[in-house]
Each structure stands twice: as C-alpha cells, then as structure tokens.
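So that you can map any letter, position 75 of the sequence shown is 75 in my numbering, and since no number is skipped, the others follow by simple counting.
Hints are computed from structural coordinates only; laboratory data are not their basis. Any given hint might turn out to be false.
Calculated cross-link-like contacts (lysine-lysine; reagent style BS3-like; alpha-carbon spacing at most 30 Å) [stated by the list, open to error]:
1. Lys2 <-> Lys19
2. Lys75 <-> Lys2
3. Lys13 <-> Lys2
4. Lys30 <-> Lys69
5. Lys69 <-> Lys13
6. Lys75 <-> Lys13
7. Lys30 <-> Lys13
8. Lys2 <-> Lys69
Restraint-style ranges between C-beta atoms, simulated for each label pair [claimed, not checked]:
9. Ser80 <-> Glu29: 34 to 42 Å
10. Glu5 <-> Val64: 17 to 25 Å
11. Ala53 <-> Asp83: 15 to 23 Å
12. Gly48 <-> Lys69: 13 to 21 Å
13. Glu99 <-> Ala65: 18 to 26 Å
14. Gly79 <-> Arg8: 13 to 21 Å
15. Lys13 <-> Glu97: 40 to 48 Å
Keep in mind it's a predicted model, so treat the numbers as computed, not measured. Backbone N, C-alpha and C define an ideal beta-carbon position, used for all residues, glycine too.
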Amino acid sequence: MKLAELARVVRSKNAGPLKLTFDIMFEDEKGYQAFVQSPTLEPARIAGLYGVAPETVEIMPYPVALAVKIVMDRKLPSGSPGDWDVYGAQQHAPLLEAEW
1 MKLAELARVV
11 RSKNAGPLKL
21 TFDIMFEDEK
31 GYQAFVQSPT
41 LEPARIAGLY
51 GVAPETVEIM
61 PYPVALAVKI
71 VMDRKLPSGS
81 PGDWDVYGAQ
91 QHAPLLEAEW
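Full structure from sequences and hints, please.
Right, here's the structure in full:
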C-alpha cells in the first residue's frame, strides 16, 4: 500500500542545512502499525529513494503519537548551487508513492 493511502500527514523540512527530516503521522493504530511493521521500512530502502548513503538514514517510530520521524543527510546542502528546495519542504513525494 502507498504511504499516501496510510498516513494522514507526510511532510518534510530541513533539520539544519545538511539534514532533512520527514514527519509521518497516522490517523489510527492500524495505519501506523502497517507502516512501522513493513519489512520494506528500512534505511537502505529510504536511502535508495533519495540517493543518499543508508548509514545516514535514521528511522524513529513514536507510537504515542502514531508518528514516525525519518532523518537523513541532504544530497546537497540547503541553498547551495543546484539545490532547488532551500527549505526542504518539497522532499516528501518519493515516500508518498512508494509501496510499503
């Protein structure tokens, strides 16, 4: 199932000039559990979607809020030549379309 079908909110933003953070929030326990228990939810898979090294991806489930935070390195520092999203606010699309 696609994350766009499971999650209520999926957003991205900078976590400093060198990191991106993704906040994924679910409407209910069922959607949250489907995502966090997916065998494809692993750093290597997310790294592949974004072209970064797997060791730079950290996945942090937060069950109390039915949320998951993902933090990873940016491919390019925020505001550097070639960076088209200085705030990191448009980086969540690959997660939305991936099958989990």
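Going through the hints against the structure:
Restraint check for Lys2 and Lys19: satisfied, since their Cα atoms lie roughly 24 Å apart, inside the 30 Å limit. As the CA atoms of Lys75 and Lys2 are separated by approximately 24 Å, the hinted pair is consistent with the 30 Å bound. As the CA atoms of Lys13 and Lys2 are separated by approximately 21 Å, the hinted pair is consistent with the 30 Å bound. Using a Cα cut-off of 30 Å, the hinted pair Lys30 and Lys69 holds, with the two alpha carbons roughly 18 Å apart.
Straight-line distance between C-alpha atoms of Lys69 and Lys13 comes to about 11 Å, which keeps the hinted pair within the 30 Å bound. With a CA separation close to 14 Å, the supplied pair Lys75 and Lys13 stays within the 30 Å bound. Distance restraint check for Lys30 and Lys13: the Cα-Cα separation of roughly 26 Å lies within the 30 Å cut-off, and the hinted pair is therefore satisfied. Distance hint between Lys2 and Lys69 is fulfilled; the C-alpha atoms sit about 17 Å from each other, no more than 30 Å.
Taking 34 to 42 Å as the suggested C-beta distance range, the pair Ser80 and Glu29 conforms, at roughly 41 Å. For the pair Glu5 and Val64, the beta carbons lie near 23 Å from each other, so the given range of 17 to 25 Å is met. Evaluation of the 15 to 23 Å hint for Ala53 and Asp83 yields a pass: the beta carbon distance comes to about 18 Å. About 19 Å separates the C-beta atoms of Gly48 and Lys69, a value consistent with the hinted range of 13 to 21 Å.
Between Glu99 and Ala65 the CB atoms are about 24 Å apart, so this pair conforms to the stated range of 18 to 26 Å. The given range of 13 to 21 Å is broken by Gly79 and Arg8, whose C-beta atoms sit roughly 31 Å from each other. Between Lys13 and Glu97 the C-beta distance comes to about 19 Å, which lies outside the given range of 40 to 48 Å.
Hints 14 and 15, counting from the list given before, are not met by this structure.
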